[in-house]
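Going down the list, the sequences are from chains A and B. Start counting the first sequence at 9; every next residue gets the next number (the working numbering). Start counting the second sequence at 1357; every next residue gets the next number (the working numbering).
Calculated directly from the structure, the hints in this document are not laboratory data. Please read all numbers here as calculations on a predicted model, not as lab measurements. Everything hinted at is true.
Below, a list of computed lysine to aspartate or glutamate pairs in the EDC-like style, where the Cα atoms sit at most 16 Å apart:
(1) K212(A) with D1538(B)
(2) K405(A) with D357(A)
(3) K454(A) with E1412(B)
(4) K457(A) with E1411(B)
(5) K138(A) with E1411(B)
(6) K457(A) with E1412(B)
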Amino acid sequence: MKSARYLGAAATLALIATTAAQAQDACPTKGGTLTFSYTAEPVALSTLRTTAVTVSLMAGKIYEGLVSYEGPEMTPVPGLAESWDISEDGTVYTFHLRDGVKWHDGEPFTSADVKFGIENAIRPYHSRGKIFFGNVTSIETPDPLTVIFTLASPVEYFMQGFQMTSAPMLPKHILETLDVSDRQALINSSLTSEPIGTGPFKFKEWVHGDHITLTRNPDYWQAGLPCLDNIVMRSIPDGVARGIALENGEIDLLPMNSVLDSDIARFEDMDSLEVSMRGDEGLGGIIWLDVNNREEPLSDPMVRKAISLSLDRETIRDVIWYGYGVPARGPLVSTNPFFNEKLPELEFDLEKAAALLDEAGYPADANGHRFTITQRALPNGEKFIRLAEYVRQQLGKVGIEAKIETSDYAGWLKSVFTDYNYGITSTSTDNRNDPTIGTGRRFHTKNIKVGATFENAGAYSNPEVDRLFDEGAVAPTREARKAIFDEVQEILVDDMPVVYLLEIPRVSVWNAKVHGLITNGISFYDNWAKVYKEE
Amino acid sequence: MAFSIPPFLQFMFRRVLQIIPVVIAIAALNFLLLSLAPGDAADVISANNGGASAEEVQALRESLGLDRPMIVQFFSYMGGVLTLDLGQSYVRGMPVLDLVMSRVPATLLLMVTSLALAVLAGILLGILSSTRYGSLLDRVMSIISLLLYSTPHFWLALMMIVFFSVHLGLLPSGNIATIGGDFSFLGRVWDVFVHLILPAVTMAMFYIAVYMRLMRSSMLEVLDLDYITAARARGASEKKIAYSHAARNALLPVVTLAGVQIGHALGGSVLIETVFGWPGLGRLVYESLLERDTNTLMGILVVSSVLVIVVSLCIDLVCGLLDPRIVHK
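Turn these sequences into a full structure, and let the hints guide you.
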């Protein structure tokens, strides 16, 4: 008993009928090269190795997911699969693949590729493989164009698992030549250095430390696309030099915070450049202070609330973050589809903070001093150092001495996630589109484990929160899940296990002659098939 | 004895043999120093993935061999070094030797060009300055050299880009060649040369000042010696005295310093390579350090120490040619 919830087939028919016309429309200008730069060069060309931004930016053009996504909420639309059915109980997903799709080396793309890739590479080795496919009990391929996923229990967010960054489709005929039982052999293979995908752009050359060139795939399944002939990622490690190259027209785009904050205001005044904070809603970046809940006095929710009350989020945004960002109201960003609109703004009130600390049993001594904590700063640029200084200054006003300790990134990771050698620390994290994927792991008791990175390092433990995250993960409908996560957000604001600070948009700047970049919630990772550049 | 090795070859042979223990000592020291830094590549790789569970981080650590006791890792690494196997990059998954060697040519090109430029210009300006000792030209050149010496590299680099690339549009702002350019062999050489000008000149600026000052004082010293007076008495022209009599002897300290500064130049190239997006070793050092890609880092240090030693050897040979007494000592 299956219900076709998505009438993808109808949409596809329409698509086929109008392919030529659409391609014309999609590409007002054809050809040309889009050159962009990011802070560093990628370490690989497949997210099988790492989903780091640099890698996702390039891999998303070469490899594709099973379906495509539209809009900031990442609505699945036909892609390599032209339609799909979901059983009523939400445990069987049947995908109907597009006919005639070819890998970049000319081999046909079939259901066998989907099954083999997910079972042998994505699920065991991709960093998100178990999140999305851990619950899959079988993948069947009754014919070359049909794939059936059977799940042990419903996973409402399952359709989000086919994003090109999370589950790139991999060629079985190449995987078969590799030792899939050896993680290193697989992630270091040609799959990640000379990729063969189905995407609109093919790998052309990689001059290490200098540039990577992708070139149009003439056999792309969407006739007439891509619009561009080439995409080049140029390595310009220095922020100032990147800005100059953009201003000078040598590059066309600086995506996702690769522009210096100090350059943004100037670029906004230039007609030749477009400054945008759109296109990354699916990531939902947020910064907060991670708090080590293990020890007194930070184990006391009243103390954590007092810290929250001592900080003025608008000052943080205006003075430190150059005016970009939205004061956070809880663990989810306000653009997240599960955000609880009823959450109030977080207050800034030093007197209330002091009163709370008194109430919690931490009176100030004659010098106004209550207690001392260790503060670490995320080693990710000047802003986090300035944030630490601001936090020290503000906490000092209510009698908390926050000593700052700094280290490089690897040292910070070890201090925070392995040694727990911190009281509070700034951190930056992505919500992703779904609390089960991006947020639950930061607060669930089962994720308190030595050495786990970006999980529950602060050792916050609340059985009610655990229960709600568990229920939210398996609740069958969006509405039911939303209600559960609304409740969880209220508890997480009331307990304040971490101190929420700012929703951080990623700023991208591009040449105003470039169009079509913003497509969905992870636009810069998208395939850029319809991106074009005016002459 | 029917056959004896010429002293020059003996000298070279001794110097080459010295390389081996030095490289081994450097590799061992690097390993020990890097193992003192907190955190490892498994932490960084999993964090760059947006985080991972403790089991996943541990599995990653095991697959990279980072869970083994430090002493085992040390001997396994040193064993590798002795057989020229520098291991795999933890982060990039390539053999370290391939990764490093792919960056060596760019760094060598930049380093050798800028040092040669600096030595040549420094020597000429130093001679000019010393022969016009106390003149206006001498003073102006002293001030300029002081300015160049004290200007931060990265600032100078950015100003060069702003002036020559943005305002004048004469030279490319970065990278080693035109991307996607379709050139003949000579066209390619010219293209790289054009890209090389800004980074090489910027890097040379600092060293020009050093060599000019050194050459100037060395020349002044030599010009006071008796044999110069004797040459003057024989009626040699001032030009001939300066360029052929004095300069040769005054060169020794400059060439010796150039040898010492190869290592310094490798370090200094990090900033220049970063600003100009030059695909050399310098940038790789920086990235590998942040990523705790210790295998790559140690590989770079081993290769660059060999580079420094080989270049110093060449400098020694030049010194030997300039002053044959050195070979016989």
